[in-house]
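**Q** Chains as they are written, first to last, in our numbering: chain Y, 1 to 427; chain S, 1001 to 1154.
Keep in mind that the hints were calculated from the coordinates and are not lab data.
Treat the hints with caution; some may be incorrect.
Example chain S residues on the side facing chain Y (calculated, C-beta under 7 Å, incomplete) [unchecked claim]: (1) Pro-1018; (2) Ile-1025; (3) Phe-1068; (4) Val-1072; (5) Val-1076; (6) Ser-1084; (7) Val-1087; (8) Thr-1124; (9) Cys-1125; (10) Tyr-1153.
In this text, a Cβ means the ideal position worked out from N, Cα and C, and glycines have one as well.
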Amino acid sequence: MEKPLTQHIVPGRPPLSLKEYEQVGGYQSVRKVLKEMTPAEVQTLVKDSNLRGRGGAGFNTGLKWSFVPMGDDVPRPKYLVANADEMEPGTFKDRLLLEGNPHQLIEGMIVASYAIQADISYVFLRFAYKLAAQEITKAINEAYEAGYLGKNILGSGYSLEMHLHTGVGRYMCGEETALLNALEGKRANPRAKPPFPQVSGLYGKPTIVNNVETLCCLPHIVNNGAEWFKGLSRNKSEDAGTKLYGVSGKVNKPGCWELPMGVTVRELLEEYAGGMKNGYKFRGALPGGASTDFLVEEHLDVKMDYNSVAAVGSRMGTGTMIVLDDQTCPVGFVQNLQHFFAQESCGFCTPCREGLPWVEKVLGSIDNGTGKQTDLNILDFHTKYLGPGNTFCALAPGAMEPLQSALKYFREDFERHIHEQRCPWRS
Amino acid sequence: MLTQEEIHQIEHEISLVPSKKAACIEALKVVQQHRGWVSDEDLKDTAVLLDMSPDELDSVATFYNLIFRRQVGRNVILLCDSISCWVMGYEGLREHLMQKLSIKYGETTPDGRFTLLPNVCLGTCDCAPALMVGNDLYQNVTPEQLDDILSKYN
Ligand SMILES: Cc1cc2nc3c(=O)[nH]c(=O)nc-3n(C[C@H](O)[C@H](O)[C@H](O)COP(=O)(O)O)c2cc1C
Ligand code: SF4
C-alpha cells in the first residue's frame, strides 16, 4: 500500500533534514515544475488529478487556483497561505505532517506558489504546535540556504518568499477569510464573499489558502502524475489519492493513518483503531471533526470519501473520526461540542452569537435533569435557523451538524433525560 | 514603559508588513513574551508605536484568547476541554488540578507559580486527555501523573 505523504515520517524521530530529504527524492517536483512546466500546466495537472481540499470542504484544488488572475497585468504581490491552524476538535492530522516532514510541506507550497505565480507565502500555524514551529523554522532556513526559496530559485527566474506566522488562539483563524484578517493584524472575523480571496485576499491581493495536507499531496502528483494519484484510492472511490484518517475515543488503538481514499468506516474502526475497548459498544461517530453529522451503525460500510459520506447526510470533513460509545452520554457529548462553538463564535452575526449560547444552555439543562419537552423544539428550531445561508460564515451551520444528527439518531436519549429528570449516564 | 529591546523588536515586526497596524498582533506577542502578559500601560505604549488608539489595539488583544490582558503565573496550564478529551475523562484532571492548586479556571496560585486555563482541542486526540504547561505538551495524562508533572515547574 502506497503512503506517499507519510512514507518518511517515523513517529518519535526527528524529521528528515534537507540533505536527507533530497536523498529520498525531495524537492524533485520543484525542479520539475520550474524547468519543465508552465504554471498553467501545473494547474491543469492538479485539476486532472482530482485532488480535493483536505481542509474540510473538499473543493477541487486545481479549480480553486484557476480563479487567480494570471499574467503580467495583475495585482501584486500574490500570496499563498498554508492553513496550519488545525483547531477543529477531534482533528490531529496536520500535526503529523508538520512535525514529521516539514520539507514536504515547503516543497508543496513552492509548487502551489509557482502554479499561481505567488510572490510571498506564509505558514499560518496555531499557537499550540510548538514542536512544529521549531521544525518549520529550521526547514524554511535550510530551504533558503539551498536556494529553493528566495530570489531566482534554481536559476529559473521565479522568486518566492516564505514566512512562518504563529497564531494566538481562536478557532475562527482557520476559516480562510478570517485567517487573512488575522494575518493582517485584525480580529479574526470572516469577510464577505465575493470577492473571493483568489481575487482579493491578503491586503486585497490575489491569495490562495490551502490546507497543509492538500499542499503535501502536490510534490507526489507532480512527480508521479494525475493518473497515478487517482489510482491510489480504493473500493471504486470517486475520490483520488490517500487521506490521513484518524480515530479518537474509546477504541483500542486511537491514531492517525494514511490510507487509500475510500476505506470504509468499519475498516478504520475495526482494523486500524483495533475496535472498541473492552466493555464499550459503538453508538456513533462524527466522521470528520466536531462540525460533521453523526454516522451510526447502519453507516459502518460507508466509504470515507467526500461523495459517499455526503450521500448519507454527513460530511467527510477532516477525516478524523470521534467515536461515541454506549457509556458516554450523547447529550453531554453534544453539549461539549456546543460549548466549544459558542465560545469560539466570533460574535459578528447575531444568530450565531446569540443562538449558540442558547443552544448550549438548553443542552445543559437537559443534561442536568431540568429540561422540558419544549426544549427539544428550541433545539430543532436552532438547527434550522443557524443552518446554511442564515449566518455570515460556516461556523454556526457546522455547529448544527452534530446537533441535528444527534436529535435524529439519539432522540430517545434526550427524551429520557427530560422524563427522568436526570442524566441516566451519571446518576 | 517598554524597554529598548521590546521597541526594537516591535519596529522590526513593523518593517515586515505593509502598514504599522498590520504588525499589531506580533507587537502584542513581543510584549507578552517579555512580560508574560500585556498590562494597560504596556498596551497604551504599544498602541503609540503602531499609530493605533489603545481601544483599537485592545479590541484585537481581547479577541485572541492567548494574549493575556490580566497577569498570569509563571507557568500557564492549558487543559484541553474539547470533545475527545471529554470522552476520555479530562474532567478528572480538572478536579485534581483545581483541588491541588486551590484555584479555579482563570485564577493564579498565590505564589504566582501556576495559572489554570481551559483550552480548545490541542490536536493530539489519539493521546487524550492532554494538557500543556508552558510550551510542553503532556499526553494520555492521568490524575496520578499530575503531581509529578507540576513538580517540574518553579
Ligand atoms: C470555522 C472554520 C474553521 C476552519 N478551520 C480550518 C483549519 O483549521 N484548517 C484548514 O485547513 N481549514 C479550515 N477551515 C476551512 C478553510 O476555510 C478553507 O476552506 C481551507 O483552508 C481551504 O483549504 P483546502 O481547499 O486545501 O481544503 C475552517 C473553516 C471554518 C468555517
Ligand atoms: S457565523 Fe458565527 S463565527 Fe461566523 S461570522 Fe457569524 S458570528 Fe462569526
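**Q** Each hint: holds or not?
**A** Going through the hints against the structure:
With its C-beta approaching chain Y no nearer than about 6 Å, S:Pro-1018 sits inside the 7 Å limit, and its interface hint holds. Of the supplied interface hints, the one on S:Ile-1025 holds, with its beta-carbon coming within about 5 Å of a beta-carbon of chain Y, less than 7 Å. Evaluation of the S:Phe-1068 hint against chain Y yields a violated restraint, the C-beta minimum of about 10 Å exceeding 7 Å. Look at S:Val-1072: its Cβ only gets to about 14 Å from chain Y, farther than 7 Å, so that hint breaks.
Given hint, S:Val-1076 at the interface with chain Y, is violated; its Cβ is 11 Å from that chain's nearest Cβ, farther than 7 Å. For S:Ser-1084, the interface hint holds, since its Cβ comes within 7 Å of a Cβ in chain Y; the closest pair sits about 4 Å apart. A distance limit of 7 Å between C-beta atoms decides the matter here; for S:Val-1087 the minimum to chain Y is near 5 Å, and the interface restraint holds. Proximity of S:Thr-1124 to chain Y holds as hinted, the smallest CB-CB distance being about 6 Å (cut-off 7 Å).
The restraint placing S:Cys-1125 at the interface with chain Y holds, with a minimum CB-CB distance near 4 Å, inside the 7 Å limit. For S:Tyr-1153, the interface hint is violated, the least distance from its beta-carbon to any beta-carbon of chain Y being 16 Å, above 7 Å.
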